[in-house]
Every structure is written in C-alpha cells, then in structure tokens.
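There are 4 protein chains.
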Amino acid sequence: MEQHNRQLFSIRLKVRDYECDMQGIVNNANYQHYMEHARHEFLHFVGLDFAGLTKEGIILVVKRIEIDYLSPLKSGDQFDVSCEPVRISPLRFGFRQNIVRVSDQKPIIQAFVTATSINSKGRPFLPPQIELVFNSNQP
Amino acid sequence: MEQHNRQLFSIRLKVRDYECDMQGIVNNANYQHYMEHARHEFLHFVGLDFAGLTKEGIILVVKRIEIDYLSPLKSGDQFDVSCEPVRISPLRFGFRQNIVRVSDQKPIIQAFVTATSINSKGRPFLPPQIELVFNSNQP
Amino acid sequence: MEQHNRQLFSIRLKVRDYECDMQGIVNNANYQHYMEHARHEFLHFVGLDFAGLTKEGIILVVKRIEIDYLSPLKSGDQFDVSCEPVRISPLRFGFRQNIVRVSDQKPIIQAFVTATSINSKGRPFLPPQIELVFNSNQP
Amino acid sequence: MEQHNRQLFSIRLKVRDYECDMQGIVNNANYQHYMEHARHEFLHFVGLDFAGLTKEGIILVVKRIEIDYLSPLKSGDQFDVSCEPVRISPLRFGFRQNIVRVSDQKPIIQAFVTATSINSKGRPFLPPQIELVFNSNQP
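Chains as they are written, first to last, in the working numbering: chain A, 2 to 140; chain B, 2 to 140; chain C, 2 to 140; chain D, 2 to 140.
The set of hints was computed from the structure by calculation and includes no laboratory data. Just so you know, nobody snuck in bad clues.
Copies of the same chain are indistinguishable here, so a pair counts whether it falls within one copy or spans any two.
Okay, derived cross-link-like pairs now, DSS-like style, lysine-lysine, Cα gap no bigger than 25 Å in a straight line:
| id | residue 1 | residue 2 |
| --- | --- | --- |
| 1 | K122 | K64 |
| 2 | K15 | K75 |
| 3 | K56 | K122 |
| 4 | K75 | K107 |
| 5 | K64 | K75 |
| 6 | K75 | K56 |
Model the full assembly from the supplied sequences, consistent with the hints where possible.
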C-alpha cells in the first residue's frame, strides 16, 4: 500500500468520438467522467470496490469539484488521468487529479475533488478501509 | 435585454432515469450537462446561438468550473437551473449557476463557471454580441 | 386507463447541445436515451414507477431494439417521442416508438423495443401491474 | 488489408461505473457508444479517420441498427467489441458487431448496423476509400 503514495496512480485512456461535441473537442462534462473512472480505478487498486461499497450501504459522495480547463482533447488523443489521495479533515478526503495528453505531455485538466462518505441513513461515516487509504497519505 | 439582468434566468428540467447511476442518484457529471444546457438557453434568450457561433468560428470555452454538491437529485425530481451572467475581466466572463429542486426548493448545486471566447486561430476574441450581454451586467 | 390506448402517449423534448457530436447532429445513442425516457414517463403515466419497481427487485429489461434513423435532429430542434405498448407473448411486451420533429412534423426515428421483466433471481416474472397495461392493448 | 477480413477486428474495453444505471448494470444506450467506438477504431485501422472524413464533408450515417441484448455487463467487467464489415448494396454498407465478456466469453450483445455515406449536400456519396474496405469483403 506504500507504493501508490510514492508513485502517482494514473490510468491511460483514449478519446472516443461520441465524447466530442459540435466544436470537435471533448465536451466539458466528459472530463468529469474520466476523473470519476480514475478515482474508482484508484480505489480498486488500493482494495476498495465502489460498486461493492454502494451495495453495503456505504455511499461515497463528491461534495465539491474544481476543474481548470487548460487545453481541450480531440478525437484520437490518448491521455493519462492521475489520482492522488489527500486527507482533508476527519470526515472529508480529497483527490488531486490531472489529465495530460500522452503525445506531447500537454496539461489538459487540473482538478481537485472533495469527497465524503455517508451511510444508508445519510449520516457521515468514514469506514476504516477509507481511513487507511487517506491516512497513509499524511504529510 | 434589460429584463434578464433584473430577473434571474432559469430553465426547468426533470431527471431522466438514464442520468442516475448505481447509487440511484443523478451522476455528478450530469449536473454539468444541465448547467451547460441552461447557459446555452440563456445565450439563446439574449439573442446568441451557440451552434451558430461555433459555425462562424467563434468558440466559447469554459476555463474553470467550481461546483458545490449540496444534495443529490433522484429519479422523478423536477429542478430549476439558473444562469446569471457576470463580467470578470476584459477577456473573461462568468456564470453564477444554481440548481434547486422544485418540490421543496432544496438547494442541489451551487456553481461558478468562468469562460472566454476564442476565434478559429485559438486567439482570445470577445465578439461584440458577447460584450453586450456581460457589460450590461456591471455592478 | 383506456385513454392511453386510444390516444398515443408522447413527450415533447428539445435537443441539448451536449447531445450533438462533431457532425453537429444528435449522436445516435442519444435517441435511445430519449426513447427510454419516454418509456419510463409512459410507465409513470399508467401508474408504474421504474425506480420503484427496481427497488422492489422487479427488473424491466430490454431484450431487443430496432431503430430506423430517418433524419437527424440538430441543435435547437424540438421533438415528440411517442410510446405505444404492444403485447408480444406471455413473457414479452413491446413498445412502438417514433420521434417526430415538431417544427415540420418530419419523421426522425422509427423504432420497436422488445422487453421482458425478471425478478431479483433473474427469473422471468411479469408482475400484474405490467400485465394490465399490456393486456388492455390486445387487438 | 486482407488481414482484417480474415481475422475479426475487435477492441477490448472495461465498464466505467458512470455507464451503469440504477439497476447496477450498463445502461442500454451505452452499448451503442461501445459499438460506435469500435467502428471508428476499425475505420482507423483500415486507414480511414472519422473526424477527418467529417471535416472533408463526408458524413458517415447510421441508417438502421438492430441490437439483441443477451446479458448485461456490470461494474468492473472487461469486454471485447468486434466489428466485421459487410457490403450490402451499391450505396449501403454494414457492420456485424458482437460484445463478449472477457472473463467467461459470455455473449452480451449481438448487433447489425446499416450505414451509408453522404456528402455535404446530403446526397449519397460513397468515397473510394470506403468502397475499398467493403468490397474486399465480398463472399
């Protein structure tokens, strides 16, 4: 579990044409899809399963998202989506996420996602597995 | 054209089930779709056509988005998406946007979107029509 | 309940720009979204709630879809999506669906959707509420 | 160019959680997205670029789609989407497409897509590059 804190976790994807809009570039909302997928793959990598947690009644919830759109992706582009866990407070955790185009390492997206976790009654509840992932990431 | 600055522009939509994810609530990225649609309807309301501008080579570009997720929408919910223009700088303009559930006026989303406009060569270019909309909105 | 068999059930929607792709027309898959939404609104109209059924463990499942793409929708187009129930067999029911552009009544989509219903164990199971809707529609 | 007619062209993808709906399975419309992406990757493989053709005013258009939904994909599933070109008539060409889950080779989707090509005036126009791909596929 040490490894993912030292090395940056990331996934490599390729633009699908249906993700582009009439401007011929990836539609803004789709970058959020890419980043959500990277977060879920990161959770899977550290032993957490989003679908499984949901079934158990542990609901991971995004509370805030800040996205800087630096440059657009186009049809055919390959890109890396990174995901770095950050502990924010006893009940909040975050993810620093970047998207970079593979061909020229051009920065595409810079984002910060704040999340929390609630139980089936809507009460804040951070399960131990989540604690572990984000605590090992203290400065 | 004065009217939309005094009264808040908004559109009313209803959740479509395919917009909900395995948690049974609207997927985070879809709120960006709702807000984009409200912005384009606002532009249309003040006499600007997004598709038309795109064809003319005037590309409206989102540079930054900040979204606070206050409460989720569910299947069947009706909601209002507002769109208030804000002038930021000579080359930047913004939109303050909120989503509110109709049934109980519960705040769902609070967001701020920063945008700019570029020409077909990728150079910043704010066409007079855009100037007009955002300048009439000075404090 | 008689009424919806005599008169055609339909909903009126408007193209959202994010539904258009780089060809400047609505992406093919989005018509399926429109039709799904019309089916769920139809079910709601006859007293059935898709989200509620899902929670009860009654899973409505599409088994086959045939879509003829007659003409594309563009940015700004308003359109009607119809939904006509058809009983196919003891365990199968269907929907005849059409999309027509409002401005000129141009036919856009002609489709037929075959569905069934299963319980939480994956066994075919047609609940009485579904029976009622589709049986009243015999020739 | 012979090779792709003998061997079946396919791409391998993984379900992204946002593609799942409240039933916890991939939403029906997303299979169309998967298949479109496989077709565009196939075209790219045989030397045709969808985005490039669109810019040149050559619009590839789906006229009809038939999809049999055999079994649903779930969160985490990996799957192969195949794409086999079929010549239908002087102005029509088609694609036989299947989706198969990797883990157990379970058939998920069986589909047939009929397409044509039009020029910027909306007239049927099959460019020589397209001819070549589909003619080499005669029985």
